[in-house]
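Peer 1: Protein sequence lines correspond, in order, to chains E and S. Read in order, the letters of the first sequence correspond to residues 4 to 426 in the numbering used here. Read in order, the letters of the second sequence correspond to residues 15 to 324 in the numbering used here.
Rather than coming from a laboratory, the hints here were simulated on the basis of the structure. A portion of the hints provided could be inaccurate.
Unchecked claim - Straight-line Cα separation of at most 25 Å, PhoX-like style, residue types lysine-lysine; simulated pairs:
1. S:91 / E:216
2. E:342 / E:363
3. E:409 / E:216
4. E:409 / S:91
5. E:325 / E:55
6. S:91 / E:73
7. S:91 / E:421
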Amino acid sequence: MNTFTRLIGTAAVALALGSGAAKAADLSFMSFTYAEEANKAIVQGVLDNFQKAEKLTVEPLGFAWGDMQKNIFLRARSKTLPDVAQLSERWLPTFASLDNLVDLNTVYGKDKLQAAFAPDALAMGNINGKQLALPLLSGSIGMVANKEVLAKAGINDVPKTVDDFKKALISVRDKVPNSVPYSMATKNNGSILIDFMVWNWVHGGRIIDDAGKVVVDSQQSRDALGFMVGLLKDRLAAPEIDRPDSRRLLAQGASAFYLDAPQTRTFLRDFSGKGQAFDANVLPMPTPVLKAGDKSVSVQWGHLLVQFAAAGKAKADDPADKFLTYIISDKVQTDLPLKMSALPVTKSARAAVADDAYLKNWSAATGDARRNEVGIWSNAADLTNIIGEEVQGALLGQKSADDAIKSMQARLTTSMEKAKKSE
Amino acid sequence: MAVIENNVGAYPVSPHANRGGLKAGQNRIGLLLLLPAAVAFAAVILYPFLSALGLSLFEYTVEMMEPRFIGFENFYKIASDPDVWAAFWTTAIYVVLTTTGTLVAGLGWALIMNQQFAGRAVLRSLSLLPWVLPSTVSAFIWGWIFNSRYGVLNALLMELGLIDYPQAWLSTPEGAMLAVVLTKIWLSIPLFMSFFLAGLQNLDKEQIDAARVDGAGNWAVLRDHILPHLRPVLMIVVVLGVIGNLQQFDTIYALTGGGPVRATTVLSVEVYRRAFEQWDIGFASAVGVLWVAALLPPAFLYLRMLVKGN
Chain E
4 MNTFTRLIGT AAVALALGSG AAKAADLSFM SFTYAEEANK AIVQGVLDNF QKAEKLTVEP
64 LGFAWGDMQK NIFLRARSKT LPDVAQLSER WLPTFASLDN LVDLNTVYGK DKLQAAFAPD
124 ALAMGNINGK QLALPLLSGS IGMVANKEVL AKAGINDVPK TVDDFKKALI SVRDKVPNSV
184 PYSMATKNNG SILIDFMVWN WVHGGRIIDD AGKVVVDSQQ SRDALGFMVG LLKDRLAAPE
244 IDRPDSRRLL AQGASAFYLD APQTRTFLRD FSGKGQAFDA NVLPMPTPVL KAGDKSVSVQ
304 WGHLLVQFAA AGKAKADDPA DKFLTYIISD KVQTDLPLKM SALPVTKSAR AAVADDAYLK
364 NWSAATGDAR RNEVGIWSNA ADLTNIIGEE VQGALLGQKS ADDAIKSMQA RLTTSMEKAK
424 KSE
Chain S
15 MAVIENNVGA YPVSPHANRG GLKAGQNRIG LLLLLPAAVA FAAVILYPFL SALGLSLFEY
75 TVEMMEPRFI GFENFYKIAS DPDVWAAFWT TAIYVVLTTT GTLVAGLGWA LIMNQQFAGR
135 AVLRSLSLLP WVLPSTVSAF IWGWIFNSRY GVLNALLMEL GLIDYPQAWL STPEGAMLAV
195 VLTKIWLSIP LFMSFFLAGL QNLDKEQIDA ARVDGAGNWA VLRDHILPHL RPVLMIVVVL
255 GVIGNLQQFD TIYALTGGGP VRATTVLSVE VYRRAFEQWD IGFASAVGVL WVAALLPPAF
315 LYLRMLVKGN
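Generate the whole structure from the sequences, applying the supplied hints.
Peer 2: Listed below in structure tokens is the structure:
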């Protein structure tokens, strides 16, 4: 009898704990920013304030940026998707076909969203007329310099053309010992893609045209890749560099230039160990152009929020939608993006932060950003791998720039046969 | 002559008696004891494998909500995909280098550890350290050693004046392969050493002493006495090594991610990339099935040895 009573008691406690665990949160939020040490507290602050405001609890699920797509994919297959997830803007086309992705036009109304959001930001979450994501923060990927390193190398003016840029890199190499003058991405296909795309644009090339035709087999693209290979050969760039390495090198005064989003300031504060005191060294600058008078280029960048619900149906008073409404409110939008050194996405919040000097400088330096010409395709992951492998092959001397471009053209063309575009 | 009465049924028998005999009872207990392991095996290995086997016959990409049956099309695609064949070749190189390297290093270390010297017990314990460390931690340690900017290897070679500039070891196909092979050898030495050490401790010392009296040198003792004695252990160790190295994923992925380009993309990394970078579960499953097929011959050999009592 005693044993039986104990068993019943244990079962009751387990049931109570189990039901407690099941009711632990009103919604789940999968986020890569939450997994970043530099930004975790900022996101936690938003979640805590949301709980106070709406009396709803959020279960945060933090995954590293590099693991996010894989986790969403696996959770989609095992039907355990979170209620809300954070995406990089270039991942959205890959997940656009998931049938539990909510078209947020049906929840908030298209007109209301258009009235609230800056058009460039809202467009990042729109695929074929459906608003499959709301922007969280936005900006562009452009060039950043470390003023202190430039001063050590005797560089007074930021380089404007590619030739000036190369001269500046040589100065850094020769005058700043053990430095990587330009922390160009040479590792990780996702990072290599951005650097190649930017230099390809600088040289007047394209990878895939608007109609989906692969056009990378051009003299401009050969010149761009040849330029990148030359940087490595002359020790103006280095192998084994991914974006996080670039951030660390710049923060530690071991690099002068690299490409990143405005968020870089937050990372540099953290990695330098100097906090806001390091801001004085962070210099957003226009990406050098091929010849004076050309327009500088940068890549559109942003973070999005998607909602998952059964059959893609949701209502504005669902906990997840209350969370989305909260996160795009002025209270959050005038605070969270600034703390993360990025542009807010709503019109009212952008007006409210228009005087922020860093963001103003960033926008002035990077100008109108172009849409990622690879990220808009449903097979973006495959395209990214192909481009990354071919560029890396050329950079590491395994094949000539000419062979790499030819092979890239052939492989991308095959991959594009089944691709769908998001517009 | 006494007649032996054979009518057993006439004797009183307990109603609880096991009519199948003692052996049947033992069999049932044996089966019962096997059940937890069998359930775990079915849930963790058999079911996923059968699922992968089924999925290899389907097209199932990220854009599809449901898989579409396509028969053997994934296997036809593999046949004409140079990347998959390259992964088989890379796997073969990796397995041969790691297994041979570990065999030689493990045997050498076991021979040293079998000698009498002060501090032997401490050194034996320390030898197990790579085995105790999580393999990804080991991969990061080796990544740090080989790192082109702050790696220990470059610092050492520059200090010795052997190189003028830091070398990007992980950025050349040969350097990256060397790094993943060395890491795996380092990780596997304790296991191999333990097998060999156990074998060496059964070796008749008088036999060695007699050989030495007859004028046998170290090499002759190793070739004519130690290696023949260790032959059964060697067989098991080689087969287990091949199986383990064919399955290797974590250290390679953590150290090189399968790169540079595809220089260290072994079959396990190829399956991962197809599934989680190209989102093609059907194709990844088909590569996985072929990977399992590659594992079957050594696994069969191992099981045969076990059954035969070697």
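Peer 1: Each of the hints needs a verdict: does it hold here or not?
Peer 2: Going through the hints against the structure:
For a cut-off of 25 Å, the pair hint linking residue 91 (chain S) to residue 216 (chain E) stands: about 24 Å separates their Cα positions. Of the pairs offered as hints, the one joining residue 342 (chain E) and residue 363 (chain E) holds, with about 15 Å between alpha carbons and a cut-off of 25 Å not exceeded. Distance restraint check for residue 409 (chain E) and residue 216 (chain E): the Cα-Cα separation of roughly 15 Å lies within the 25 Å cut-off, and the hinted pair is therefore satisfied. Proposed proximity of residue 409 (chain E) and residue 91 (chain S) is supported: the alpha carbons are some 22 Å apart, at most 25 Å.
Taking the CA atoms of residue 325 (chain E) and residue 55 (chain E), the gap is about 13 Å. The hint holds against a cut of 25 Å. Between residue 91 (chain S) and residue 73 (chain E) the CA atoms are separated by roughly 24 Å; this keeps the pair inside 25 Å, and the hint holds. Taken as a hint, the residue 91 (chain S) and residue 421 (chain E) pair is honoured in the structure, with Cα atoms around 16 Å apart against an allowance of 25 Å.
Every hint, counting from the list given before, is met by this structure.
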